[in-house]
Amino acid sequence: MKSKFYITTPIYYVNASPHIGHSYTTIAADTIARFMRKALKEGNVLFLTGTDEHGQKIQKAADEAGLSAQEFVDKVVVQFRNLWKTLNISYDDFIRTTQDRHIRTVQKALQMLYDKKEIYSAEYQGWYCTPCEIFWTETQLTDSLCPDCRRPLEKISEVNYFFKISAYQDWLFNHIKNNPCFIQPASRQEEILSFLKMNTLTDLCISRPRQRLSWGIPVPFSKEHVTYVWFDALINYISAVGEFDDKGNYVSGWWGDDTRIVHMIGKDILRQHTVYWPIMLKALGIRMPDTVCAHGWWLIDAAKMSKSRGNVVNPLEVVDKYGVDVYRYFLLKDVPFGLDGNFSEEAIVKRFNSDLANDLGNLLYRTLTMIEKYYQGVIPSPRDGAHDERIKNIASCITSLSREVEDALAKATFNFSLALEKIWEPINMANKYVEEAKPWNLAKENKKEELEAFIRILVDVIRQVGNALSPFMPQTASLIEEQIGRDKISKGRPLFPRIENKR
Numbered sequence: 416m417k418s419k420f421y422i423t424t425p426i427y428y429v430n431a432s433p434h435i436g437h438s439y440t441t442i443a444a445d446t447i448a449r450f451m452r453k454a455l456k457e458g459n460v461l462f463l464t465g466t467d468e469h470g471q472k473i474q475k476a477a478d479e480a481g482l483s484a485q486e487f488v489d490k491v492v493v494q495f496r497n498l499w500k501t502l503n504i505s506y507d508d509f510i511r512t513t514q515d516r517h518i519r520t521v522q523k524a525l526q527m528l529y530d531k532k533e534i535y536s537a538e539y540q541g542w543y544c545t546p547c548e549i550f551w552t553e554t555q556l557t558d559s560l561c562p563d564c565r566r567p568l569e570k571i572s573e574v575n576y577f578f579k580i581s582a583y584q585d586w587l588f589n590h591i592k593n594n595p596c597f598i599q600p601a602s603r604q605e606e607i608l609s610f611l612k613m614n615t616l617t618d619l620c621i622s623r624p625r626q627r628l629s630w631g632i633p634v635p636f637s638k639e640h641v642t643y644v645w646f647d648a649l650i651n652y653i654s655a656v657g658e659f660d661d662k663g664n665y666v667s668g669w670w671g672d673d674t675r676i677v678h679m680i681g682k683d684i685l686r687q688h689t690v691y692w693p694i695m696l697k698a699l700g701i702r703m704p705d706t707v708c709a710h711g712w713w714l715i716d717a718a719k720m721s722k723s724r725g726n727v728v729n730p731l732e733v734v735d736k737y738g739v740d741v742y743r744y745f746l747l748k749d750v751p752f753g754l755d756g757n758f759s760e761e762a763i764v765k766r767f768n769s770d771l772a773n774d775l776g777n778l779l780y781r782t783l784t785m786i787e788k789y790y791q792g793v794i795p796s797p798r799d800g801a802h803d804e805r806i807k808n809i810a811s812c813i814t815s816l817s818r819e820v821e822d823a824l825a826k827a828t829f830n831f832s833l834a835l836e837k838i839w840e841p842i843n844m845a846n847k848y849v850e851e852a853k854p855w856n857l858a859k860e861n862k863k864e865e866l867e868a869f870i871r872i873l874v875d876v877i878r879q880v881g882n883a884l885s886p887f888m889p890q891t892a893s894l895i896e897e898q899i900g901r902d903k904i905s906k907g908r909p910l911f912p913r914i915e916n917k918r
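Each residue of the sequence shown is one higher than the last, beginning at 416 in my numbering.
By construction, these hints were calculated from the structure, which means they are not laboratory data.
Just so it is clear, the structure is predicted and the values come from calculations on it, not from any experiment.
Hints are supplied without guarantee of correctness; some may be wrong.
[Said to hold, decoys possible] 25 angstroms max Cα-Cα, derived BS3-like pairs, lysine-lysine:
no. : residue 1 : residue 2
1   : Lys807    : Lys847
2   : Lys417    : Lys592
3   : Lys570    : Lys472
4   : Lys523    : Lys697
5   : Lys748    : Lys847
6   : Lys682    : Lys592
7   : Lys863    : Lys853
8   : Lys903    : Lys862
9   : Lys807    : Lys862
10  : Lys826    : Lys682
11  : Lys859    : Lys906
12  : Lys765    : Lys847
13  : Lys788    : Lys853
Using the sequences and the hints, build the whole thing.
So this is what it looks like as structure tokens:
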């Protein structure tokens with residue numbers, strides 16, 4: 416394991432309020448960051464998130480709101496920051512593309528590439544999609560609609576600047592092929608390799624005429640142009656943690672060979688992060704990230720959530736109804752990371768009642784109640800339970816728990832649902848043991864040692880589970896630690912009272 420860890424979310428486009436898709440990526444990255452902080456030395460993990468604040472869609476949304484572009488983005492950014500606070504997101508840095516540190520780095524990168532003849536000027540004629548902010552060539556179209564969003568295109572002719580990504584196609588293909596962890600999951604790697612096999616890369620238009628779009632980072636070698644929003648946005652991963660020196664070398668304490676670098680994204684921006692971004696880094700002489708991990712979409716009735724369809728889920732409303740840790744647990748457990756998931760409140764309630772109320776909450780509450788009843792709230796000392804095979808099996812399960820969670824989370828696949836399944840194994844074993852051992856009979860028969868060994872293994876399970884759950888459900892882990900105590904319990908209300916159907 417490398418000594419340092421740097422994880423990023425995409426910087427979120429602030430033309431509208433945050434939704435479940437934004438929260439899913441950020442909760443996943445937060446969980447990994449929290450886990451890695453436990454695995455590495457203090458201060459050796461950096462978790463970056465932020466906002467993407469330039470481009471035509473921002474200008475249009477600002478115009479519709481009757482605000483300047485800067486006033487508009489300042490207003491929407493607050494919504495993202497507030498949501499991350501509500502969702503208990505432990506980011507270390509929040510970058511905005513309107514910050515000076517970012518603008519400086521973007522302009523320096525552009526100037527360096529221009530000086531190296533990697534960027535050139537040319538007249539361009541093509542089809543432009545304003546919502547996606549992407550140019551398309553005739554050969555890429557089957558009709559007059561955008562291949563990505565299926566909305567009408569506008570034919571444009573103008574002089575722009577282009578980045579020679581076509582020269583790097585073979586290099587990129589070989590890099591992906593030779594580094595199987597670079598794109599995860601494997602299905603996304605195959606998707607990009609297939610794209611590179613079937614298509615010839617065309618040079619990337621990295622500017623927009625100022626007369627058509629003024630809201631963007633000025634191109635340092637042309638007063639008539641601003642930077643294309645995707646070239647601008649991708650630079651955030653390096654502008655947040657370093658800078659170019661006078662000789663054009665990128666200097667950073669978080670982008671060296673001792674750091675594992677992970678980008679967590681949604682699958683809809685896979686191509687930008689696995690085609691444009693690595694080529695940009697290669698041309699600038701900067702090392703590659705270790706992994707770009709692309710998760711699936713959350714769907715409503717098998718349809719992608721979108722503002723135009725009116726089916727966007729507001730995370731704040733879900734959290735207000737069910738609680739932040741329930742929301743975090745549902746998103747990470749219900750669907751293997753990388754696949755699409757179907758969101759519904761019925762599914763949340765089902766997870767709540769079965770996993771959280773019946774399993775985890777029930778185990779904690781019944782254990783605390785027995786300690787209260789049989790030991791006046793004082794946790795019994797450890798006992799040798801070697802005579803009971805069930806205790807031995809449970810003890811073996813919790814001994815291996817941290818390793819199994821690490822196997823699921825520390826690898827490039829980031830298998831959250833598998834990690835949570837492993838955490839639930841000792842919970843289920845312990846609940847089954849309660850039903851089989853019948854502690855009330857042990858108390859009646861005055862089997863003091865057996866009862867103490869029984870209670871103690873339940874306490875050990877709860878402590879280990881609470882520790883393992885802390886990256887996923889930090890508030891719940893804290894409450895478990897408070898209630899189980901070190902020597903004496905402090906029983907509170909049930910963590911997850913069942914939700915009845917009438918609610």
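For this session: Mind listing which of the numbered hints don't hold for this structure, in increasing order?
Result: none
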